[in-house]
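Protein chains: 2
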Amino acid sequence: MTKGERTRAKLVDSTGELLRRQGYHATGLADIVAESGAPRGSLYFYFPGGKDELAITALRASGDDWRARIRRVIAGATDLGAGFDAIVAAFADELEASGWDSGCPVAGVALEATSPPVRAAIADHFQRWIDLSVDFLAAFGIAAAPAHELSLVALSSIEGALLIARVMRSREPLLAVARSLRVLIAHARSAER
Amino acid sequence: MTKGERTRAKLVDSTGELLRRQGYHATGLADIVAESGAPRGSLYFYFPGGKDELAITALRASGDDWRARIRRVIAGATDLGAGFDAIVAAFADELEASGWDSGCPVAGVALEATSPPVRAAIADHFQRWIDLSVDFLAAFGIAAAPAHELSLVALSSIEGALLIARVMRSREPLLAVARSLRVLIAHARSAER
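Sequence lines, in order, name chains F and S. Position 177 of the first sequence, counting from 1, maps to 177 under the numbering used here, and the rest follow consecutively. Each number in the numbering used here comes from the position in the second sequence (counting from 1) with 193 added on.
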């Protein structure tokens with residue numbers, strides 16, 4: 001990495017972390033400069049579009065990391081139930097190890113009123129998460145329509161359980177969701193027969 | 194209501210709305226004074242504990258309203274599946290009517306790093322939501338352990354679907370979750386037999 005690339009990467013990482021921790025509206029450009037240690041002038045040099053351009057880049061990078069982690073976790077899964085168990089266990093481990101602080105990197109901003117391009121970046125992350133899950137279900141023989149339905153439910157319930165688990169400081173919501181996904185997978189299989 | 198009670202209520206309502214829309218960290222006392230139209234001095238008169246006391250009061254009030262709405266929606270339900278369908282339909286209607294803006298009033302703050310008393314107020318809301326759901330399930334003959342498990346999954350999946358539906362501007366995640374809850378209720382019943 002050149003020095004410029006390192007500066008740019010620091011700006012993106014710091015923005016992603018601030019967005020996760022305190023949201024979009026509370027994060028000012030001065031916070032990003034302070035957290036990243038990057039020179040003030042570098043912000044508009046690398047991101048002439050300012051806060052929105054930087055936020056979109058950071059949300060995309062966080063989403064890419066998040067989905068890459070899911071992909072690694074399910075790569076070795078021998079069945080669907082075990083795959084979703086492994087996703088949920090990985091998230092629960094990380095959340096607990098962080099002192100119940102580290103959840104979905106884009107969820108907080110998703111709940112704020114933001115500009116259309118910021119919202120579109122978050123919607124795109126969720127759509128890719130769903131596509132990844134549909135492919136995983138298809139690889140184990142679930143047809144397109146039930147795979148789409150199951151993926152919407154998996155994304156919703158894991159996302160919600162991450163939020164509830166964080167507040168309650170308990171893995172239980174995540175574990176309950178993983179068990180429910182096993183029931184729903186079995187139901188999708190039996191409905192196909 | 195006396196004039197003082199009206200001023201206090203305006204402060205609480207405005208705080209609740211700002212917390213929902215932009216979160217805890219972005220909401221300053223000056224914003225609350227401006228949004229409520231209350232005299233500046235009234236804030237510390239009614240809330241000597243400042244922002245945290247006001248935020249906790251507002252989050253409790255929003256949580257109470259939210260659960261009261263759930264209670265009204267399920268009061269007339271003739272079966273469990275219809276009850277959860279009605280909850281989800283009511284939330285989906287409100288979310289869509291608001292231009293995909295109005296979701297769970299405490300979820301945004303739940304994802305920020307806040308003080309222990311603020312987090313406890315949110316955890317208390319979720320716990321009461323679970324208790325309400327457990328009572329509803331018990332009234333239709335579901336035993337305590339599966340009712341608790343189902344309620345954790347219902348809360349997680351509805352909370353997550355509200356977030357995904359908001360970003361995707363679609364009722365579909367909420368409808369898919371309602372259908373999945375019917376499958377899980379039937380499974381809980383058959384496991385008991």
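No lab work stands behind these hints: they were computed from the structure. Among the hints, erroneous ones may be present.
To be verified - Listed below are several chain F residues computed to face chain S (Cβ distance under 7 angstroms; list not exhaustive):
(1) Ser-42
(2) Tyr-44
(3) Ala-110
(4) Val-134
(5) Ala-145
(6) Glu-149
(7) His-187
(8) Ser-190
Owing to the predicted nature of the structure, the values given are computational and were not obtained by experimental measurement. All residues carry an ideal CB built from backbone N, CA and C; glycine is no exception.
Results for each hint:
1. For F:Ser-42, the interface hint is violated, since its Cβ never comes within 7 angstroms of a Cβ in chain S; the closest pair sits about 25 angstroms apart.
2. At a threshold of 7 angstroms, the smallest CB-CB gap from F:Tyr-44 to chain S is about 22 angstroms, leaving the interface hint violated.
3. With 7 angstroms as the threshold, the beta carbon of F:Ala-110 comes within range of chain S, its nearest partner Cβ sitting at about 5 angstroms, so the hint holds.
4. For the restraint placing F:Val-134 at the interface with chain S, the shortest Cβ-Cβ distance is roughly 13 angstroms, beyond the 7 angstroms limit, so the hint is violated.
5. Because the smallest distance between the Cβ of F:Ala-145 and any Cβ of chain S comes to about 11 angstroms, over 7 angstroms, the interface hint for this residue is violated.
6. Interface restraint check for F:Glu-149: the shortest CB-CB distance to chain S comes to about 5 angstroms, inside 7 angstroms, so the restraint holds.
7. Contact between F:His-187 and chain S, as hinted, is supported at the beta carbon level, the nearest pair being about 5 angstroms apart and thus within 7 angstroms.
8. Look at F:Ser-190: its Cβ only gets to about 10 angstroms from chain S, farther than 7 angstroms, so that hint breaks.
This entry does not satisfy hints 1, 2, 4, 5, 8, going by the numbered hints stated previously.
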